[in-house]
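Chemist: Listed here are the chains, written in short residue letters.
4 protein chains.
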Amino acid sequence: MLEKLKEDVFRANLDLVRHGLVRMTFGNVSGFDRASELMVIKPSGMSYNEMTADDMVVTDKSGNVIEGTLKPSTDSPTHLALYKSFPTIGGIVHTHSTYATAWAQAGRPLPCLGTTHADYFHGSVPVTRKLTREEIENDYEYNTGLVIAGALAGRDALSIPAVLVQSHGPFTWGTSPAAAVHNAVMLEEVAHIAALSVSIAPPAEIDRHLLDRHYLRKHGLNAYYGQKD
Amino acid sequence: MLEKLKEDVFRANLDLVRHGLVRMTFGNVSGFDRASELMVIKPSGMSYNEMTADDMVVTDKSGNVIEGTLKPSTDSPTHLALYKSFPTIGGIVHTHSTYATAWAQAGRPLPCLGTTHADYFHGSVPVTRKLTREEIENDYEYNTGLVIAGALAGRDALSIPAVLVQSHGPFTWGTSPAAAVHNAVMLEEVAHIAALSVSIAPPAEIDRHLLDRHYLRKHGLNAYYGQKD
Amino acid sequence: MLEKLKEDVFRANLDLVRHGLVRMTFGNVSGFDRASELMVIKPSGMSYNEMTADDMVVTDKSGNVIEGTLKPSTDSPTHLALYKSFPTIGGIVHTHSTYATAWAQAGRPLPCLGTTHADYFHGSVPVTRKLTREEIENDYEYNTGLVIAGALAGRDALSIPAVLVQSHGPFTWGTSPAAAVHNAVMLEEVAHIAALSVSIAPPAEIDRHLLDRHYLRKHGLNAYYGQKD
Amino acid sequence: MLEKLKEDVFRANLDLVRHGLVRMTFGNVSGFDRASELMVIKPSGMSYNEMTADDMVVTDKSGNVIEGTLKPSTDSPTHLALYKSFPTIGGIVHTHSTYATAWAQAGRPLPCLGTTHADYFHGSVPVTRKLTREEIENDYEYNTGLVIAGALAGRDALSIPAVLVQSHGPFTWGTSPAAAVHNAVMLEEVAHIAALSVSIAPPAEIDRHLLDRHYLRKHGLNAYYGQKD
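Chains as they are written, first to last, in this note's numbering: chain A, 17 to 245; chain B, 17 to 245; chain C, 17 to 245; chain D, 17 to 245.
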């Protein structure tokens, strides 16, 4: 069932390793099939070296395992909350990638300081509020999804396809698992450049019209970057 | 047509990847043939893995595609403005390389703090002024070329073969595509070292006579570095 | 004798190289067999390229060589002091890994700033007090073990399986040599992220209930991360 | 002539590349034969990829080429000045390695902040005074050697086998070309760790007795690190 999506999710998980975004068993990618409302996700705490496409776990939208012999990622309830909150997305990535996590730990939104950022994220990448003690002690992973949705409130999730969970790390998403990985790679890169810019001199955020120009030349109706499909 | 230059531009683009200066489809290299006034440039948004020399696009000096089935880089008008402004150059590189971009985002010229810098750039690498809203909304890429030319005004473009476009990233150039890549590699390295020097202690710029000595032992009439041709 | 443990210690030493935690001949891993009270440890100052499992040195708990033709690591007395002080551990790693050593040199405990840290270390990683002149001039390596034990005093050694020896570098441990290496890799990563967080903005330590949640979802009776054994 | 030394110098130059200490054609290693008073050194500005052991240039102690068809490194007069000033050394390395160069550009001696440093350098690594305009404009490379010797004045060159040339970069040395490369690798590593320590919190220099203990357990009459020869 969902063999194509399992293969996509499997490859996207391996791409996290290839791009240097994860250590040990950290990190997970999922994909969501809107027609069947089923999620495919990496199994919990499994070594990337040993994993096969068949190990991917299929759950329903409540998190019940529909197919697979392994436990799904402990972060599954977060993924499911996001698929519910953001109806246009089809893939989610969670990592503890070094630079994005450093911003999350500093408790600061990642400011848009240049066009590299503007090419992918239409404004600063928000940081979530802290979870309360109650939210942590009950349904922690699901509540993590809710505070992420809250941080994006009022925004098109695909225009800012990333968030920093405070004291934790980044989640990114996209129309597919591969798109979510692409955004995770670029988030890490712009987090790296921004940390350096801040250490050189306190930088100002990018001008609004430059932000719009770069975001819109890659995305939206009049995009002119890249080849025609 | 221009098969040799297409091969040179193709190889120079792959060298950006090999030297770690680009991620995903970022970055582009072009070459310019002064005799025919034709430019060869990387196609827009194309994966480095799939690209061949035949995919390089040939345009005239107004940007019209003369040969090739793909769209040229969206930054083509910037390249063309530079070939017009700097008559001695034959190759241009644009990247969002991490450290040079960090300085561009900080809005600071890259100061000449040591002989590594002086070996390649005869003084600090300028940062452009910001583009105005009008310049961004109309002919953005061409205007980017004009503000670069303005930042170099009064200088020999080959003596400072690099610029930082504010809130954006570096452009470098040289007598050939390969020379422009070489300068892009060294710009990134001196941007890295300078960021570290600044974090250790506020450094002074290099003494003028040491700057001259190092630049001129590698370049100019009495250069004595390297083997005789 | 202890062939399985020699193989484990040998492989764990090579893993230090593979994970980029050591340069030249720095670093060492040992394992301890509680039944026989014998330690297996890397030979002193030996190149990782030339080492074989048979080169591992077996000593008794007083440091006398029981098997092997090479001198054991100069840090052997430190390892033995730790095996005596921490009866639940079975493997120890010592490195001068870049980021953990930077914190040790700064003389600061490594604060718990996020869940990556909390997943492995149940609170901040302590820094030892400085050794006195007398402790340095007599039985230096054994005294290093004693100040480490002192820094952990009152804690379960497996709940904080790492320490920073002031002006020196990290030691990590675990139930096996492989577990100690795993903790060394994660210590270096969280030291890296924490150094970045500090440079972006002075961060607050993680909330206590989030620390507990993450530590306990991976460790302890009700852990739910990973697959069932 | 001097075939063994040429091979050693050749391999030591390639080791600079392997250890990531040089970019492009930067960097050079030499060896000195005390019996014949001849130096073997890398040719100037030559690509590491194309170089063979036969390309190494032999000069006398005044810098006259005795064997070889290529020009010796432009830094040859610096090397020769050091072989004259430091009679116990047999190999010299010059690089613009990133972290050591950052300290040289900051104009600061590299402080001894921990035992990694103390294992190799018996105290802080000095930074030279700036050269005067006259010293730069006449016999620049030879004068560079003289200010290095001045910075080490009164010290055993083998006890501090490195220096930072202000606004320039590091030179290291040892009893052989390979030993000089080993010191260049460790200088870069301790420069990296020290830059990080400084960014975390202003650190104090290592205690004198700890410095002595670590330096002397690896060097000197009673050294006990490593295997017996």
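Everything labelled a hint here was simulated from the structure, so no lab data went into it. Incorrect hints may have been included.
Over 10 Å on every C-beta distance to chain A, these chain C residues come out as not near it, computed from the model [what the hints assert, rightly or not]:
| no. | residue |
| --- | --- |
| 1 | G79 |
| 2 | R145 |
| 3 | S175 |
Once the Cα atoms are required to be at most 20 Å apart in a straight line, the calculated PhoX-like pairs of lysine-lysine come out as [to be verified]:
| no. | chain 1 | residue 1 | chain 2 | residue 2 |
| --- | --- | --- | --- | --- |
| 4 | A | K87 | C | K234 |
| 5 | B | K244 | B | K234 |
| 6 | A | K234 | B | K244 |
| 7 | B | K77 | B | K87 |
| 8 | B | K244 | D | K244 |
| 9 | C | K244 | A | K87 |
| 10 | D | K234 | D | K244 |
| 11 | A | K244 | B | K87 |
| 12 | D | K146 | D | K77 |
| 13 | C | K87 | D | K234 |
| 14 | A | K100 | A | K77 |
| 15 | D | K244 | C | K87 |
To give an idea of the chain C side of the interface with chain D (calculated C-beta under 8 Å), a few residues [said to hold, decoys possible]:
| no. | residue |
| --- | --- |
| 16 | G84 |
| 17 | K87 |
| 18 | H112 |
| 19 | Y115 |
| 20 | T117 |
| 21 | Y156 |
| 22 | N159 |
| 23 | G170 |
| 24 | R171 |
| 25 | A173 |
Since we're looking at a predicted model, the values are computed, not measured. Quick reminder that beta carbons are idealized off the backbone N, C-alpha and C, glycines included.
Chemist: Against each hint, give a clear statement of whether it holds in the structure.
Modeler: So, going through the hints one by one against the coordinates:
1. Residue placement check: G79(C) keeps its beta carbon more than 10 Å from all beta carbons of chain A (closest about 33 Å).
2. Even its closest Cβ contact with chain A, about 27 Å, leaves R145(C) beyond 10 Å, as expected for a residue assigned away from the interface.
3. With a closest Cβ-Cβ approach of about 19 Å to chain A, S175(C) is found to remain outside the 10 Å limit, as its non-interface label requires.
4. About 14 Å separates the Cα atoms of K87(A) and K234(C), which keeps this hinted pair within 20 Å; it holds.
5. Between K244(B) and K234(B), the direct Cα distance comes to roughly 12 Å. Compliance with the 20 Å bound is thereby established for this hinted pair.
6. A distance of roughly 47 Å separates the Cα atoms of K234(A) and K244(B); the hinted pair therefore is violated under the 20 Å criterion.
7. Taking the CA atoms of K77(B) and K87(B), the gap is about 15 Å. The hint holds against a cut of 20 Å.
8. Our distance criterion of 20 Å between C-alpha atoms is broken by K244(B) and K244(D), whose separation comes to about 49 Å.
9. Annotation: proposed proximity of K244(C) to K87(A) holds, straight-line Cα distance about 8 Å (limit 20 Å).
10. Annotation: proposed proximity of K234(D) to K244(D) holds, straight-line Cα distance about 12 Å (limit 20 Å).
11. The hinted pair formed by K244(A) and K87(B) meets the criterion: a straight-line CA distance of about 8 Å does not exceed 20 Å.
12. With a C-alpha separation of about 25 Å, the suggested pair K146(D) and K77(D) falls outside the 20 Å cut-off, and the hint is violated.
13. Between K87(C) and K234(D), the direct Cα distance comes to roughly 14 Å. Compliance with the 20 Å bound is thereby established for this hinted pair.
14. As the CA atoms of K100(A) and K77(A) are separated by approximately 8 Å, the hinted pair is consistent with the 20 Å bound.
15. Taking the CA atoms of K244(D) and K87(C), the gap is about 8 Å. The hint holds against a cut of 20 Å.
16. For G84(C), the shortest C-beta to C-beta distance to chain D is roughly 11 Å, which exceeds 8 Å, and the interface hint is violated.
17. Restraint check, K87(C) versus chain D: the minimum CB separation of about 6 Å is within 8 Å; hint holds.
18. For H112(C), the interface hint holds, the least distance from its beta-carbon to any beta-carbon of chain D being 5 Å, beneath 8 Å.
19. Evaluation of the Y115(C) hint against chain D yields a held restraint, the C-beta minimum of about 7 Å falling below 8 Å.
20. Using the Cβ-Cβ criterion of 8 Å, the hint placing T117(C) at the interface with chain D is satisfied: the shortest such distance is roughly 5 Å.
21. A hinted interface residue such as Y156(C) counts as satisfied when its beta carbon comes closer than 8 Å to some beta carbon of chain D; here the least separation is about 6 Å, so the hint holds.
22. The closest approach between the C-beta of N159(C) and any C-beta of chain D is roughly 11 Å, which is over the 8 Å cut-off, so the hint fails.
23. Because the closest C-beta pair between G170(C) and chain D is about 25 Å apart, greater than 8 Å, the hint is violated.
24. A distance limit of 8 Å between C-beta atoms decides the matter here; for R171(C) the minimum to chain D is near 23 Å, and the interface restraint is violated.
25. Given the 8 Å rule on beta carbons, the hint for A173(C) is violated: about 23 Å separates it from the nearest Cβ of chain D.
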